[in-house]
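Peer 1: Sequence:
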Amino acid sequence: MLNRRSIKDSRSETALFRRRALVGFVLILLGLTALVTRFVYLQVLHHDEFVVRSENNRVKPRAIPPARGLIYDRSGVLLADNVPAFRLEVVPEQVPDMSALLAEIGAVVPIGSDDIDAFKKQLKQSRRFESVPLKLRLTEDEIDRFAVNRWRFPGVDVVPYLTRRYPYGAHFAHVVGYVGRIDADDLERLDPVRYKGTSHVGRSGLERSYEDVLHGTPGYELVEVNADGQTQRVLERHPPVPGKNLYLSIDIRVQKAAEEAFDNRPGAAVAIDPRNGQVLAMVSVPSFDPNLFVNGITHADYSALTTAEDKPLYNRALRGVYPPGSTVKPLLALGGLEYGVRRPEDTVLSTGEFCIPGQTRCYRDDRRGGDGTVNMVRAIQLSTNTYFYRLALDLGIDRLSSFMSKFSFGRPTGVDLVGEVSGVLPSREWKAGRYKQPWFPGETVISGIGQGYWAVTPMQLSHAIATFAGHGTPYAPRVVMATQSGVDSPPEPLANPPTGPSLIQKPGDWAAVNQGMLAVMTGPGTGKNVGIGFPYAIAGKSGTAERYSRTTNAYDERRNNAYLASRHRAWFVAYTPAEDPKIAVAALLESGAWGAQDAGPIVRKILDAWVVQQGGTLPVSPPPTATPASPVADPSEVIGPTIEPPMDNSDSDDIPAIPSSSGANP
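The sequence shown runs 634 to 1299 under the working numbering.
Among the clues, some could well be false.
Quick list of in silico lysine to aspartate or glutamate cross-link-like pairs, DMTMM-like style, CA-CA up to 20 Å [stated by the list, open to error]: (1) LYS1139 with GLU978; (2) LYS693 with GLU682; (3) LYS1139 with GLU1125; (4) LYS753 with GLU682; (5) LYS693 with GLU854; (6) LYS754 with ASP714; (7) LYS1139 with ASP979; (8) LYS1039 with ASP1142; (9) LYS829 with GLU854; (10) LYS944 with ASP979; (11) LYS1139 with ASP1213; (12) LYS757 with GLU773; (13) LYS829 with ASP845; (14) LYS829 with GLU726; (15) LYS889 with GLU726; (16) LYS693 with GLU869; (17) LYS757 with GLU854; (18) LYS757 with ASP816; (19) LYS889 with ASP922; (20) LYS754 with ASP819.
These are calculated hints, taken from the structure and not from any lab test.
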């Protein structure tokens, strides 16, 4: 059988090839058209948009937080510094599984529960492309271990930063304050542009009061990154503007001397320059280490501070309110002179008790039998209660409270620190508003010796004494005396003009009261031993305020120091040189037997340190046994009743409870 060979149809094959080639050409043409169209769309119509997108993928802006301003004392001693440190930061959008990351990274760098809690809180407050601190202040060992394992943790990196440090710790904690990590409440009130990249904000003290001055303005830089988000190079940099430095009026030597003088006994002291209102020292004892708060305090440390019986976080100088006792007697005497109710030579007979006509309950002097006939100078010198009972009644509560209010009692002094409370100045209006009750003459009597409803802060009393020492010219207390724009710039003094004209209309009135306060320090005044060996004349006044109401007028024979300290607040106020005052001090011991005996030496040590700060030699201190522990050492003082506001850490003003009826006789 013959094999037939098929006949090849060249014409058909050629036509088929042509059709296929045409289809292929059309497809290629369509593809090229689509490509060109897409190219035109990307490169022509939307060129600007995609250039920006491309640059955003390659170039990232990064905020540069400003360096916080430094804080110095008046002599240039550094009190608040910025030191370099490293922290672990996480970019959330680059982390596929955050829970797994937190679980695994702890094996490389120890992460505490406090760190994780703070991280999760800030994570909720931040955008996914913003880096969030996970652990602050990494050690060199932690940095090395993370560097070896970095490939395992995309989106996590070690970042340098400046952290706050307080070299003198507790010595300035209540003045300088501290900074803390920014939280959700801060984000709602802070300017997001100005605080871009910033992780800390002022929490207390000057750090909070001068936050706007200390913070500065952030800068930024453009960095080129790879596909993993790692920085390759910096393309452009705009440096931040650092915050201004602060120069305080406080001197570290005076501050340390004041704190050491308390010997860990709870209390407070404030020293002010009467000529300009500058605060030379301000201490609250006990204190705390502000460095604990900077990068997040642990639960254990915070619990120890908040539950401590002596309340180290409580700023007694600004928030502690106490009855001033006899320390207000010189100012009351000044009020009697200014209103024309008393002349310096007018006398009062002190027999040991004072009775309001028509009442059976009387108010006693602290000395049995009284001080006899006393004029104004001697009444201040001996702190004769009867004289000031009578003066308070003659003035009346309305004039008494009106005059005392001029010295900032019953309202904040205006010091440049946050948290100052108003205290209480006894007045008819205050009692009616607080208790809806009328005012009684017996309440006027005890107001004349700084008891009853009286409640003042050490800052208020120091400000009042400084105002008097400055011949009545009032200045708002100021802790910051100058700012500085940079280390090479000179400090710029902050103006602090008087807040008004002199409160004393007659120079002779000042001289009479000053003579009485000088007599306190010479003899036989209550402070006669405090000024021994001091190179300048000191004018002063002691005060021993009762903490509890008396239920009887009987003299208490259990006069040992421990018993009396449990019942008394010990005050001492002074200024020097008496003829031209340059420093005024008020010191309080929460538990002191007598003002001169217990608070007086604190004031003396502050004045001694001030003499050294002025360039003099350290004065010879009086012997510690110079003041006997007896009622004669401080016969000012205390008749009761007084009920003092409870001491707490709240933000509300502390208000005293109603005194018992034992001293507020109608």
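Peer 1: Against the earlier hints, flag every one the structure doesn't satisfy and list their numbers going up.
Peer 2: 3, 4, 6, 10, 12, 15 and 17
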